[in-house]
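Engineer: Sequence:
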Amino acid sequence: MSAEYSFKYRQLMSCKCFRLRQASRVVTQFYDKKLKPSGIKITQLNILTSLASGKSLSMTELSENLFIDRTTLTRSLEILHRQRFIEKVKSQDARHRKVKLTDIGFQILDKAIPLWLEAEEEVYSETKKYNLSLV
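Under my numbering, the first residue of the sequence shown carries the number 1, and numbering increases by one thereafter.
To be clear, the hints were calculated from the coordinates, so they are not data collected in a lab.
Think of the CB as a built atom: it goes at the ideal place given N, C-alpha and C, for glycine as much as any other residue.
Treat the hints with care, since some could be wrong.
Unchecked claim - With a straight-line cut-off of 30 Å between C-alpha atoms, the simulated DSBU-like cross-links for lysine-lysine are:
#	residue 1	residue 2
1	88	41
2	98	111
3	8	41
4	34	100
5	41	98
6	128	55
7	36	88
8	33	111
9	16	111
10	41	55
11	128	33
12	36	111
13	111	41
14	16	88
15	111	90
16	111	100
17	100	128
18	34	8
19	111	88
20	36	55
21	33	88
22	111	129
23	129	36
24	88	100
25	90	129
26	100	33
Unchecked claim - DEER-style ranges, computed between Cβ atoms:
#	residue 1	residue 2	range
27	103	11	49 to 57 Å
28	49	26	19 to 27 Å
29	27	74	20 to 28 Å
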C-alpha cells in the first residue's frame with residue numbers, strides 16, 4: 001500500500017462524527033457504571049425520565065423526544081416492560097401504542113436519581129478542569 005492510500009484512510013480517523021460517537025460511548029459507559037446499583041442504564045433512565053410526567057406517551061412521541069429510532073426504542077421498552085417499570089396503555093387508536101411509568105418505575109427512578117446526580121457532578125467537575133462546557 002502506498003503512502004498516498006495510507007494518508008487517505010488515516011485522515012478518516014479525524015472524522016468529527018467518529019470522535020463524537022467515541023466520546024459518547026465513553027460517557028455512556030461512565031453513567032452506566034454509576035447507575036449500576038439502581039439496575040438500569042443511562043438509556044433506560046432517559047426513557048423513564050421522559051415518562052415521569054405520569055402521562056402515557058406513544059412510541060412516536062417517545063421516539064421523537066429522545067431522538068431514538070423506533071426499532072431501538074421498541075427493544076428498550078420491551079426490557080422495561082418485562083421488568084415492570086412501564087406498562088402498556090390501551091389507546092383509542094390501535095396504531096398508536098402507548099406506555100406509562102408504573103409505581104415500580106417511579107421507585108427505580110427515585111433510586112437512580114442520587115446516582116445520576118453523582119455522575120453529573122463528576123462530569124461537571126472534569127469538564128471544569130479543562131475549561132469545557134457541555135451546554
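Engineer: Each hint: holds or not?
Structural biologist: Hint check results:
1. 88 / 41: At roughly 21 Å apart (the allowed maximum being 30 Å), residue 41 and residue 88 satisfy the hint.
2. 98 / 111: Holds - the C-alpha atoms of residue 111 and residue 98 are around 25 Å apart, at most 30 Å.
3. 8 / 41: Not OK: residue 8 and residue 41 at ~38 Å, beyond 30 Å, violated.
4. 34 / 100: holds, 25 Å
5. 41 / 98: Holds - the C-alpha atoms of residue 98 and residue 41 are around 22 Å apart, at most 30 Å.
6. 128 / 55: violated, 37 Å
7. 36 / 88: holds, 25 Å
8. 33 / 111: OK: residue 33 and residue 111 at ~15 Å, within 30 Å.
9. 16 / 111: violated, 36 Å
10. 41 / 55: Judged against 30 Å, a Cα distance of about 22 Å means the pair holds.
11. 128 / 33: holds, 21 Å
12. 36 / 111: OK: residue 36 and residue 111 at ~11 Å, within 30 Å.
13. 111 / 41: With Cα atoms ~12 Å apart, residue 111 and residue 41 stay inside 30 Å; holds.
14. 16 / 88: Measuring from Cα to Cα gives roughly 39 Å; hence the hint is violated.
15. 111 / 90: Roughly 28 Å separates the two Cα atoms, so the pair holds.
16. 111 / 100: holds, 18 Å
17. 100 / 128: violated, 37 Å
18. 34 / 8: violated, 39 Å
19. 111 / 88: With Cα atoms ~23 Å apart, residue 111 and residue 88 stay inside 30 Å; holds.
20. 36 / 55: Given that 30 Å is the threshold and the Cα spacing comes to 27 Å, the pair holds.
21. 33 / 88: holds, 29 Å
22. 111 / 129: holds, 29 Å
23. 129 / 36: Given pair residue 129, residue 36 holds - Cα atoms ~26 Å apart, limit 30 Å.
24. 88 / 100: The hint holds at about 7 Å.
25. 90 / 129: violated, 49 Å
26. 100 / 33: Roughly 26 Å separates the two Cα atoms, so the pair holds.
27. 103 / 11: 49 to 57 Å: holds, 53 Å
28. 49 / 26: 19 to 27 Å: Hint holds: Cβ distance 21 Å, inside 19 to 27 Å.
29. 27 / 74: 20 to 28 Å: Holds - the Cβ-Cβ distance for residue 27 and residue 74, about 24 Å, lies within 20 to 28 Å.
Hints 3, 6, 9, 14, 17, 18, 25 from the earlier list are contradicted by this structure; the remaining hints agree with it.
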